[in-house]
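In order, the protein sequence lines correspond to chains C and R. Count the first sequence with the UniProt record's numbering and you get residues 1 to 241, in order. Count the second sequence with the UniProt record's numbering and you get residues 1 to 241, in order.
To be clear, the hints were calculated from the coordinates, so they are not data collected in a lab. Among the hints, erroneous ones may be present.
With beta-carbon atoms standing in for the labels, derived distance ranges [what the hints assert, rightly or not]:
| # | chain 1 | residue 1 | chain 2 | residue 2 | range |
| --- | --- | --- | --- | --- | --- |
| 1 | C | H152 | R | S186 | 47 to 55 Å |
| 2 | R | S146 | C | T210 | 21 to 29 Å |
| 3 | C | R18 | R | R63 | 34 to 42 Å |
| 4 | C | N49 | R | D132 | 46 to 54 Å |
| 5 | C | R45 | R | S192 | 27 to 35 Å |
| 6 | C | E189 | R | P195 | 21 to 29 Å |
| 7 | C | R114 | R | R211 | 32 to 40 Å |
| 8 | R | H152 | C | G42 | 47 to 55 Å |
| 9 | C | E189 | R | G196 | 18 to 26 Å |
| 10 | C | S146 | R | D185 | 46 to 54 Å |
| 11 | R | G133 | C | R158 | 27 to 35 Å |
| 12 | C | A67 | R | G133 | 53 to 61 Å |
| 13 | C | D132 | R | H29 | 41 to 49 Å |
Derived, one-sided and incomplete: chain R residues facing chain C with beta-carbon distance under 10 Å [as the list claims (entries may be wrong)]:
| # | residue |
| --- | --- |
| 14 | Q10 |
| 15 | G68 |
| 16 | T69 |
| 17 | G94 |
| 18 | E103 |
| 19 | T116 |
| 20 | G120 |
| 21 | Y168 |
| 22 | T203 |
| 23 | R217 |
Note that the Cβ used here is the ideal one computed from N, Cα and C, for glycine as well.
Number of protein chains: 2
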Amino acid sequence: MSGPPPKGWQAIQDEVLRRIHARDWPPGHVIPGEVDLAREFGCARATVNRALRALAEAGLLERRRKAGTRVALHPVSRATVEIPVIRREIEDRGHAYGYSLLERSLAPPPAGPRATLGPGPALHLTALHSADGAPYVVEDRWISLSTVPAAHDAPFDRVSANEWLLAYAPFTHGDIAFSAEAASDSQAELLSTAPGTPVFAITRVTWDHTRAITVVRLIYAPGYSIHSVIGGMSADPRAAS
Amino acid sequence: MSGPPPKGWQAIQDEVLRRIHARDWPPGHVIPGEVDLAREFGCARATVNRALRALAEAGLLERRRKAGTRVALHPVSRATVEIPVIRREIEDRGHAYGYSLLERSLAPPPAGPRATLGPGPALHLTALHSADGAPYVVEDRWISLSTVPAAHDAPFDRVSANEWLLAYAPFTHGDIAFSAEAASDSQAELLSTAPGTPVFAITRVTWDHTRAITVVRLIYAPGYSIHSVIGGMSADPRAAS
């Protein structure tokens, strides 16, 4: 260290944080023992212990019985997001649900869904879900007919694929992404907004074991947001603030 | 029923889905027993059983031992979103992390944070996190000085509040929201984009038991998205497709 040594446990904690931040002590780095740090900082070992304890409780440092204390590799907090069926989400918010199928066709999927579903023809659906008559979300979906042959004969004119697939093609796992997009001309028209307006988008891919079932993009009307709760220190001490 | 009765278990399943969808059978509604449905549809009871089984497995119907079968109230799937410290997220993506404090002031919070933090002066921080020198996210944060008095003396010029609070004000629980916003003039300038560009926003409020710690808005550079996985039928049979 250059300059005068830090005084008190909070000053030591600041210096430790600074070293982690500056990557003098990168993730996984085993930091010096308390005796060595006490000597460096010119303080009691108990003062060092006090400084490190809060950092360990916060998940920035990991104290291991024999291997010493190291900088944590992955401090992270977790939020659980609930994803109801669209109809149910709208009804839970106290609105009347509406659904209209806009397009139903067989076509080779474009690049994004093709990477998941393969190059062969798939079922393409476009639909609008509404709340109290106002546009709520545009559903743009591709369904694999090899994984879900029954979709070939389903009209999707009264029951949305969002619900129909619940019963006909339950999935084993999926990927989901949340992003902000600019509404395209057609999306903007459906959502009664101007092209380029920021809209919340969910892209979801679901699989039945190794076979892709469906790729769907949901483009929500302006103002949509997803809310969730994050657990704190008792559940996971490595949460971001 | 009007018209000819449905044939086969899949046709019966379609009709049941239609009734749920049309709210002839609303959420919580106890549907007729299998014997009655078999009579209505003119088929064997086993055919009705087959039709209802998949809907129950998908979570649209709930079969209860003595109380009959009812339309499920809340079919929902869950995605777990991991929220690492910003520095760690950038480094995990293989980029060099950069941080700069843009503003640090004491002020009465505006309406949104004030509802959580109260009307008294709070610490306002604005900071930019960068990845390989490119703007990554703007952090706009209010910290309660009554809950976190130590923040009064923290400069936040080298260690971000995002990390500092980990050690100094661990939270017990929080709320988080994801949304799509139009970049304001100042956000656009910091993120090297045009005003009005769609940007992904995270708004997070954290508490230490009953005391609010901080309200933060994170405005990400264009193109940002959050990825997660959703469990399937084995973990939660009521997932949206």
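Consistency of the hints with the structure:
{"no.": "1", "hint": "H152(C) x S186(R): 47 to 55 Å", "in the structure": "52 Å, holds"}
{"no.": "2", "hint": "S146(R) x T210(C): 21 to 29 Å", "in the structure": "55 Å, violated"}
{"no.": "3", "hint": "R18(C) x R63(R): 34 to 42 Å", "in the structure": "60 Å, violated"}
{"no.": "4", "hint": "N49(C) x D132(R): 46 to 54 Å", "in the structure": "37 Å, violated"}
{"no.": "5", "hint": "R45(C) x S192(R): 27 to 35 Å", "in the structure": "48 Å, violated"}
{"no.": "6", "hint": "E189(C) x P195(R): 21 to 29 Å", "in the structure": "24 Å, holds"}
{"no.": "7", "hint": "R114(C) x R211(R): 32 to 40 Å", "in the structure": "52 Å, violated"}
{"no.": "8", "hint": "H152(R) x G42(C): 47 to 55 Å", "in the structure": "26 Å, violated"}
{"no.": "9", "hint": "E189(C) x G196(R): 18 to 26 Å", "in the structure": "19 Å, holds"}
{"no.": "10", "hint": "S146(C) x D185(R): 46 to 54 Å", "in the structure": "50 Å, holds"}
{"no.": "11", "hint": "G133(R) x R158(C): 27 to 35 Å", "in the structure": "53 Å, violated"}
{"no.": "12", "hint": "A67(C) x G133(R): 53 to 61 Å", "in the structure": "35 Å, violated"}
{"no.": "13", "hint": "D132(C) x H29(R): 41 to 49 Å", "in the structure": "22 Å, violated"}
{"no.": "14", "hint": "Q10", "in the structure": "7 Å, holds"}
{"no.": "15", "hint": "G68", "in the structure": "19 Å, violated"}
{"no.": "16", "hint": "T69", "in the structure": "14 Å, violated"}
{"no.": "17", "hint": "G94", "in the structure": "13 Å, violated"}
{"no.": "18", "hint": "E103", "in the structure": "19 Å, violated"}
{"no.": "19", "hint": "T116", "in the structure": "14 Å, violated"}
{"no.": "20", "hint": "G120", "in the structure": "20 Å, violated"}
{"no.": "21", "hint": "Y168", "in the structure": "7 Å, holds"}
{"no.": "22", "hint": "T203", "in the structure": "8 Å, holds"}
{"no.": "23", "hint": "R217", "in the structure": "12 Å, violated"}
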